[in-house]
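Asks: Going line by line, the protein sequences match chains A and B.
Sequential numbering from 440 applies to the first sequence in our numbering.
Sequential numbering from 14 applies to the second sequence in our numbering.
Source of the hints: derived by calculation from the structure; they are not laboratory data.
Remember, predicted model here, so these are calculated numbers, not experimental data.
Beta carbons: idealized from backbone N, C-alpha and C, even for Gly.
Be aware that a few hints might be false.
Said to hold, decoys possible - According to the in silico footprint, chain A covers these stretches of chain B (three or more CB under 8 Å from chain A):
1. 39-47
2. 316-326
Stated by the list, open to error - Short derived list, chain B residues pointing at chain A, Cβ under 10 Å:
3. Glu105
4. Arg108
5. Leu206
6. Thr214
7. Leu218
8. Val230
As the list claims (entries may be wrong) - Okay, derived cross-link-like pairs now, SDA-like style, lysine to any residue, Cα gap no bigger than 20 Å in a straight line:
9. A:Lys537 - B:Leu277
10. A:Lys548 - B:Phe19
11. A:Lys537 - A:Phe571
12. A:Lys548 - B:Lys162
13. A:Lys563 - A:Lys548
14. A:Lys548 - B:Val27
15. A:Lys607 - A:Gly628
16. A:Lys537 - B:Ala126
17. A:Lys537 - B:Val38
18. B:Lys162 - B:Leu219
19. A:Lys607 - A:Gly577
20. B:Lys145 - A:Lys578
21. A:Lys625 - A:Phe571
22. A:Lys548 - A:Lys578
23. B:Lys162 - B:Asp226
24. A:Lys642 - A:Val466
25. B:Lys215 - A:Leu564
26. A:Lys548 - B:Ala126
27. B:Lys215 - A:Glu551
28. A:Lys578 - B:Ala126
29. A:Lys625 - A:Gly455
30. A:Lys548 - A:Leu564
31. A:Lys563 - A:Ala620
32. A:Lys578 - B:Ile216
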Amino acid sequence: MSANLLEMQGVHTHIGAYHILHGVDLVVPRGQLTMLLGRNGVGKTTTLRTIMGLWPASQGRIRFNGQDITQLSTPQIAGLNIAYVPENMGIFSDLTVKENMLLAARQAKRAEQMDAARLQWIFKLFPAVEKFWNHPAGKLSGGQKQMLAVARAIVEPRELLIIDEPSKGLAPAIINNMINAFQQLKASGVTILLVEQNINFAKRLGDTVAVMENGVVVHAGTMQAFAQDESLQTSLLGLAL
Amino acid sequence: MKGLDFDWKPLALVPLLVLAALPLVGSGSTWVTLTVAGLAMGMIIFVIASGLTLIFGLMDVLNFGHGVFIALGAFVATSVLGAMGDWTGSQEMWRNLLALLPAMVIAMLVAGAIGLAFERFIVRPVYGQHLKQILITMGGMIIGEELIKVIWGPQQIALPLPEGLRGSLLLGDAAIEKYRLVAMCVGVLVFALLAWTLNRTKIGLLIRAGVQDREMVESLGYRIRRLFVGIFVFGSALAGLGGVMWGLYQQSVTPQMGAQVNILIFIVIIIGGLGSTGGALIGSLLVGLMANYTGFLAPKVALFSNILLMVVVLLWRPQGVYPVANR
Chain A
440 MSANLLEMQG VHTHIGAYHI LHGVDLVVPR GQLTMLLGRN GVGKTTTLRT IMGLWPASQG
500 RIRFNGQDIT QLSTPQIAGL NIAYVPENMG IFSDLTVKEN MLLAARQAKR AEQMDAARLQ
560 WIFKLFPAVE KFWNHPAGKL SGGQKQMLAV ARAIVEPREL LIIDEPSKGL APAIINNMIN
620 AFQQLKASGV TILLVEQNIN FAKRLGDTVA VMENGVVVHA GTMQAFAQDE SLQTSLLGLA
680 L
Chain B
14 MKGLDFDWKP LALVPLLVLA ALPLVGSGST WVTLTVAGLA MGMIIFVIAS GLTLIFGLMD
74 VLNFGHGVFI ALGAFVATSV LGAMGDWTGS QEMWRNLLAL LPAMVIAMLV AGAIGLAFER
134 FIVRPVYGQH LKQILITMGG MIIGEELIKV IWGPQQIALP LPEGLRGSLL LGDAAIEKYR
194 LVAMCVGVLV FALLAWTLNR TKIGLLIRAG VQDREMVESL GYRIRRLFVG IFVFGSALAG
254 LGGVMWGLYQ QSVTPQMGAQ VNILIFIVII IGGLGSTGGA LIGSLLVGLM ANYTGFLAPK
314 VALFSNILLM VVVLLWRPQG VYPVANR
């Protein structure tokens, strides 16, 4: 079994006439939390969407668990036990919180068939999910929706969680709640690839880091080393963070 | 809590329209007759429109060829009912109703099968390309109409009601056509089945989610294309059923009937909110009632009245009465 759960080699992605990724090389070590950092518009979201097959790679290779997934469709990729939380959270506003969770539980046809013990664990991580269980998801606040999005991603055990900017627009108290949840997820052995703009959030959670610029990964290493090197942070991420 | 959250205003439009028509119509018995006729027509339109709105909602496909399934269903019914002359000519109501059943089922099966081919060869190559969808599905409808002419001939064909469904029941002074009650019952049954499927089953959950955000549904591991093919076939079958009901309502069928009904259906799904089944029900009832009231009160504006209704609704709610979130 390879030490890396996910590997991208020289991945290019075009969206219409635009060439967004210019040969991304990225590894996500098994059981670790990898932070994908970079300024706005460098291709972080495109990288995640390319992994999920939402924008197919035009060149290069993506391997998951040793299997080439470059040409697979999005449902096939998700079926390999990969959960994805997009930047807009992908919450179904017209459905209740329960229905959102049930949808993600592929093994369950009815709410009663969802793993009760796992649901209790999720409720402890994200109490809002239990509190608003029968409420329309569209009525939740931004923070509650983000909690629901992550809770939905873990309603069944997944090997890899891919999450796009979970702290975006959230109040500090909710960010702390989110950090606590990700720490518990890490402890449970899940591999996580997380795009983030909030450097403090990234430093507190990341095991490894990859920084993107102009559609390529320009730095990869441990988060500990990156966090200690302020000049590297400034040169790669600028002052915007 | 869920009940309190429900938006009742669009639902209130139907009784408001019914009550507003009473003083205008004047005679109570005529008003009852028109109202029942309007509700029956509305339920038939709903049967046809519900499939189309899901097709649009789920895959953004503008199927202007939906009308061909209506005509197909109606023509199949002429053949089936024609072959069951003993049953349709019987004075016994149960035999009449039993004759309608195979006509409806066979019409649905044929329309569904043709719908499967229509999706595969006409719609699938133009996913995501609205202009091409409009052109090619209209082309598909023209071809379908011509094929109907080849099989059944270009002339109008009579589709008489079975013997026991002819005539009216008297409710006080109000005459209520028996067939309209049957059409209402079938419409309510279809709505109940649809509502149950959408709200009580996992497949319904997938459809409702897919209408809102199909990309996210795929990201959760579901093959929405397969679901869409199923919905397209189901929607075509419902259009076939609606065609049988519409043909019996008009008591005649023509190859062009689908194109004529198409206009009403698009008004309905625009009023209802593209992709919204509940909205399609409200839109259908409003259109059916409006057509009957204005047909009685001011026949010259009857055709225009539903377009006016659509304009008024869109001025109030530009996305339709029950817009689908995330769209």
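Asks: Does Leu277 of chain B lie within 20 Å of Lys537 of chain A when you go C-alpha to C-alpha?
Replies: 37 Å, violated
Asks: Holds or violated: Lys578 of chain A and Ile216 of chain B, Cα atoms, limit 20 Å.
Replies: 24 Å, violated
Asks: Would you check the hint for Lys607 of chain A and Gly577 of chain A, treating anything up to 20 Å between C-alpha atoms as holding?
Replies: Measuring from Cα to Cα gives roughly 18 Å; hence the hint holds.
Asks: For Lys642 of chain A and Val466 of chain A, compute the direct alpha-carbon distance and say whether it is at most 20 Å.
Replies: 18 Å, holds
Asks: Taken at face value, is the distance from the CA of Leu219 of chain B to the CA of Lys162 of chain B at most 20 Å?
Replies: Distance ~39 Å between Lys162 of chain B and Leu219 of chain B Cα, so the pair is violated.
Asks: Below or equal to 20 Å on CA atoms is what counts here, so check Lys548 of chain A against Lys162 of chain B.
Replies: 46 Å, violated
Asks: Could you grab the alpha-carbon distance between Lys215 of chain B and Leu564 of chain A and see if it respects the 20 Å cut-off?
Replies: Roughly 26 Å between the alpha carbons, so the hint for Lys215 of chain B and Leu564 of chain A is violated.
Asks: If you draw a straight line from the CA of Lys548 of chain A to the CA of Lys578 of chain A, is it 20 Å or shorter?
Replies: Judged against 20 Å, a Cα distance of about 25 Å means the pair is violated.
Asks: Quick one, are Lys563 of chain A and Lys548 of chain A close enough, alpha carbons at most 20 Å?
Replies: 24 Å, violated
Asks: Assess, step by step, whether the Cα of Lys548 of chain A is no farther than 20 Å from the Cα of Phe19 of chain B, and give holds or violated.
Replies: 25 Å, violated
Asks: Is the hinted pair Lys563 of chain A and Ala620 of chain A satisfied, with a Cα-Cα distance of at most 20 Å?
Replies: Satisfied, since the Cα-Cα distance of roughly 9 Å is no more than 20 Å.
Asks: With the threshold set at 20 Å, check whether the alpha-carbon distance from Lys537 of chain A to Phe571 of chain A stays at or below it.
Replies: 9 Å, holds
In summary, the numbered hints that this structure violates are 1, 2, 3, 4, 5, 9, 10, 12, 13, 14, 15, 16, 17, 18, 20, 21, 22, 23, 25, 26, 28, 29, 30 and 32.
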